[in-house]
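> Each chain, letter by letter, is given below.
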Amino acid sequence: MAPSESELAAFARLTAEAMDASGLLVLAPDSNFKECKDWDSIASVSIVAMIYAEFDVQTTGDELVGCETVTDLAKLVWSKRVGNPA
Amino acid sequence: MKSILERVRIAGIAAAVPQKEEDILNGPYSTPEGRAKFVASTGIARRRLCPEDQWCSDLAEAAAKRLMGELDWDPSSIGLLVFVTQTPDLKIPATACLLQNRLGLPTSCAAFDVNLGCSGYVYGLKITGSMLSGRGCRRALLLAGDTPAKGPLPSKRSSVPPIFGDAATATALEWSEDAPEVPFDLRTDGTGWRSIMELRPGGRPPFTEETFQFETTAEGYVLVGTARKMRGEEVFSFAAREVPSAIRAMLDQAGMDASEVDAYVLHQANAMINEFIRKRVGLEKERFPETLSLFGNTSSASIPITLVARMRERLQTAPATLLLCGFGVGLSWGTALWRTDKMICPPLVEL
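As you go down the protein sequences, you meet chains A and B in turn. Following my numbering, the residues of the first sequence are numbered contiguously, the last one being 105. Following my numbering, the residues of the second sequence are numbered contiguously, the last one being 509.
Read the hints as simulated data drawn from the structure, not as lab findings. Incorrect hints may appear among the rest.
Claimed, not checked - To spell it out: a stretch of chain B is covered by chain A in this simulated footprint if at least three of its residues, at any positions, have a beta carbon under 8 Å from a beta carbon of chain A; those stretches are:
1) 194–200
2) 394–407
To be verified - Here are the computed lysine-lysine pairs in the DSS-like style, where the Cα-Cα straight-line distance is at most 30 Å:
3) B:K178 <-> B:K223
4) B:K178 <-> A:K99
5) B:K160 <-> B:K284
6) B:K437 <-> A:K53
7) B:K178 <-> A:K53
Cβ coordinates follow ideal geometry from the N, Cα and C atoms, glycine included.
Isolated chain B, as found in the complex (with noise of 0.2 Å):
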């Protein structure tokens, strides 16, 4: 789907972390050799980790709350809340609603979750923007952000690849007379369902006795492991064939040369899969920040937590140029061209 958002710029980006970090050079995953492959194939050195008795919702709310003390934005001007995420607290209801009341945000505020990964961040803002008027509307937030390290069972952490790593963010969206337009891509390829993927329990396909695993804490807690099944090779093959590509279609669709973007801000999967697109495109690294160092693949987190960590400074001192593309599960795929004007940009949370 391609179209135009008009009149709504950013207001603000932040982000928050878990305190906790690995360093997975001296974590618990594989032999010292194994980790050492695993960081150089992968990029990803170190992830944050959310403790037992901290969650997504957690995150997001610290997240939103920071940048609307920074905005001094009032919670009861803002009339929409949109949470991406696939670690929601719970299966129903949405989480977005226990956020609307969390951040004391008014009853005639609009809230839910979308269901969407790393495409999850461009999809939510062309979502959220589009609810935006003048005449209705004038402030939203839209929350980002995953826990997907918290999948797998306890016992079975250390022998699981430390790809992801735990993070939410809050993006402060605003109507603007002014604002300049955003085009943006969304799309979809659902032949790609299986290559990443994460059952739910009643659901289909369904577990079986053998998949259906489970463990019980000292709390008394029982945790059922639903860690995501990837088929890393098709992943790899879906980002390096669509992503060059939407990029490029992107340049077109804003009638831009490569050139003109001040910085190509990519989901974060693997180095593999984004220095596979970076030489493709013929892009050079001071234009392509990247976080895989820093906290691993955050799923929906990991555009606007590089924007954060990686370009705070600039986006809050002058107007700047970016593309932006998620790409992973679904298969889904969102790209935009944002030009944001200067935003607040407090410095990353760590709860």
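Isolated chain A (complex conformation) (with noise of 0.2 Å):
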């Protein structure tokens, strides 16, 4: 199942919010989150954080590193999901 569309703007909140706490950061679905000025190595820490917290779900630097927008990262959460059919 892949994210709906609500499901994605919020999921574009999170990331955004784990790369920048202050808030002033924006990301749309289709944004290319590593080609912001917030994209470092702690923030690549911080989205695979509030991965595992939000949804369960673990991921890689390399698996976020092959994503490029917040929707490919997305996907990629929703499709390790448990009871998620592929």
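Since each chain sits alone in its own frame, please combine them into the complex, following the hints.
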């Protein structure tokens, strides 16, 4: 099951917050999250942490590097969620 | 490895840090925004840094001397010295041997190093405690500390995220007929050996001409860059996966309820990891002391320095039930549930 539009919007917000706790960063589902200035090694760990905390899904640094947009990342997370048919 | 340590008490704990302190928000790393984000994400606001002529063994020596003095322990009464460190003075001999001499311990004292980091203090307590006996050695010093901030080359230091701080600690262990049992659970996962790594010149994997970086100082010393390489995402996932269940398993092993523990003292890695663990286990901040904001990640020193910095008065005046959990490089993790009676805990030594 792929994420719905509203789930994608919520996921984009969570990802932006993970990358910038001040709330200034805004990401759209089609944003390339690795190209914004807030992307660094700490941001990568923060996203992995957010995904684990919110979705109970483990991701790796390489998997994040393999995603371009927030939507790619959300699809990866959704595909790993327990009980989700592929 | 699950086990029970019997008839050993903690007589005291001391910690020593360099006087030199870095306030990360005003430090050399990144930009003002970058520093603010770093501090907000990691919880690491300050750290202590050894000057060029100060080493981990100097801090360990200072902590040990202070502790022995406060305990009024004659050096000749100590039969065992264990130094948990991954920043020894030399490749060989073990730095514990040098410290045996510098601390004035007798030649009848056994001394050796233990090459473990984040899990090292918990492992060290079990190793050291297990070697004490009523008919043999009754007193031991467990020194645990690291100077990871000395690893990066001087010219590169300001571009490395300022996660690590320098510190060393001394714990005095004593055989005691009436001491409560201490359950331990020590674990390993070698598939994660790359998650936190530092190469050795001449070892494996080898350095290449590109990766072997060095600088010559004004005094003519050649410093080889041996900064730790960390895969933060893997470390987070490991800690998030293993530590909450290790805590629950220890409470089970000890036959205790979570509410009976006075403090959960975890390795201070970064706030993202520790907050995740705290929330997963369902603990309030009051029973989850932190020293990331004061010292950063001090590797094997982080658990004992948290006890000294945050629980001194309590540990000196009343018994306490402590759940200790160190996790990280190896991958290795260790958990123990220690019921302490009043101990000697001098204020932080600053060198």
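> Of the hints stated earlier, which fail here?
Hints 4, 7 contradicted; others consistent.
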